[in-house]
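Enquirer: Could you build the full structure based on these sequences and the hints that come with them?
In order, the protein sequences belong to chains A and B.
Mapping to this note's numbering: the first sequence position 112 is 112, numbers consecutive.
Mapping to this note's numbering: the second sequence position 69 is 69, numbers consecutive.
In case anyone wonders, no lab produced these hints; they're calculated from the structure.
One should not assume that every hint holds.
[What the hints assert, rightly or not] Here are the computed lysine-lysine pairs in the DSS-like style, where the Cα-Cα straight-line distance is at most 30 Å:
#1 A/Lys3 - A/Lys52
#2 A/Lys69 - B/Lys13
#3 B/Lys13 - B/Lys57
#4 B/Lys13 - A/Lys3
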Amino acid sequence: DAKTTQPPSMDCAEGRAANLPCNHSTISGNEYVYWYRQIHSQGPQYIIHGLKNNETNEMASLIITEDRKSSTLILPHATLRDTAVYYCIVRGSGSSNTGKLIFGQGTTLQVKP
Amino acid sequence: KAGVTQTPRYLIKTRGQQVTLSCSPISGHRSVSWYQQTPGQGLQFLFEYFSETQRNKGNFPGRFSGRQFSNSRSEMNVSTLELGDSALYLCASGHTGPSTDTQYFGPGTRLTVL
Numbered sequence: 001d002a003k004t005t006q007p008p009s010m011d012c013a014e015g016r017a018a019n020l021p022c023n024h025s026t027i028s029g030n031e032y033v034y035w036y037r038q039i040h041s042q043g044p045q046y047i048i049h050g051l052k053n054n055e056t057n058e059m060a061s062l063i064i065t066e067d068r069k070s071s072t073l074i075l076p077h078a079t080l081r082d083t084a085v086y087y088c089i090v091r092g093s094g095s096s097n098t099g100k101l102i103f104g105q106g107t108t109l110q111v112k113p
Numbered sequence: 001k002a003g004v005t006q007t008p009r010y011l012i013k014t015r016g017q018q019v020t021l022s023c024s025p026i027s028g029h030r031s032v033s034w035y036q037q038t039p040g041q042g043l044q045f046l047f048e049y050f051s052e053t054q055r056n057k058g059n060f061p062g063r064f065s066g067r068q069f070s071n072s073r074s075e076m077n078v079s080t081l082e083l084g085d086s087a088l089y090l091c092a093s094g095h096t097g098p099s100t101d102t103q104y105f106g107p108g109t110r111l112t113v114l
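Expert: Take a look at the structure:
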C-alpha cells in the first residue's frame, strides 16, 4: 500500500472551511484514498473515500489531483466538534491486497472559536 | 442500522492475567479486523477474520489470538498480560474486507494492565 504524508497539526477558525492536505505520491492506479477521523479516545470514524474523481457527502468533500499524487479533505464549515485527528489512508485492492488499513500519524485539527 | 459494538468498554487487569474482548460487527458484515492503539505506536493491525477464518495477521506475539463465530461476532484474547498491552483495542467490520470495501470501527475497549 502507498505511504501517505500529512502535516502533524492544523488550526481552523470555527465556521470557516478546513482544508486538510495529504500526499500519496506512490499511489497506484487501483488504490483508493480514504479519510477517517478519530475524536479523542473514540473509534475512527469513516468520512469519505475516492479513486479518481472528486467526491462529496454530507460530512466533507474530497479533492483528488489529476495525477492522484495528492488529495485534500475539505470540511466546509468547521465546528468545534470537528476537532480530531484526521487520517488519510491509501487502500489497495485486488492484487495489492494487504488485508489491513495502515494508519500514519494523521493531522490533528484544532477548531478554534 | 446499528454500528459496531465492543464489550466491555473498559477493563482493568493485572500482569499475568488473560483477557477476552468481544466485537459484534454491523449486521451483514462478514469481515472483522482488530487493531491496537497506543500513544507510542499509533494504530497497529492485529488480525482480520472473514467467515470464521483468519485471513491476515499483524506482527504481534502469539499471546494475541482471536476467533470469529458463525454469526460473524469476533473475540480476541490476550494471555499472560504485560504492562505494554495497555491500549485501546479497536475492531472494524466490513462486507468483504479491508482491501475491498469500507471499514467501520467500533468505540473500542480500553484495557489497562496494572
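Enquirer: Indicate, hint by hint, whether the structure satisfies it.
Expert: Status of each hint after checking the structure:
no. : hint              : in the structure
1   : A/Lys3 - A/Lys52  : 17 Å, holds
2   : A/Lys69 - B/Lys13 : 45 Å, violated
3   : B/Lys13 - B/Lys57 : 25 Å, holds
4   : B/Lys13 - A/Lys3  : 36 Å, violated
The structure is inconsistent with the numbered hints 2, 4, although it conforms to all the rest.
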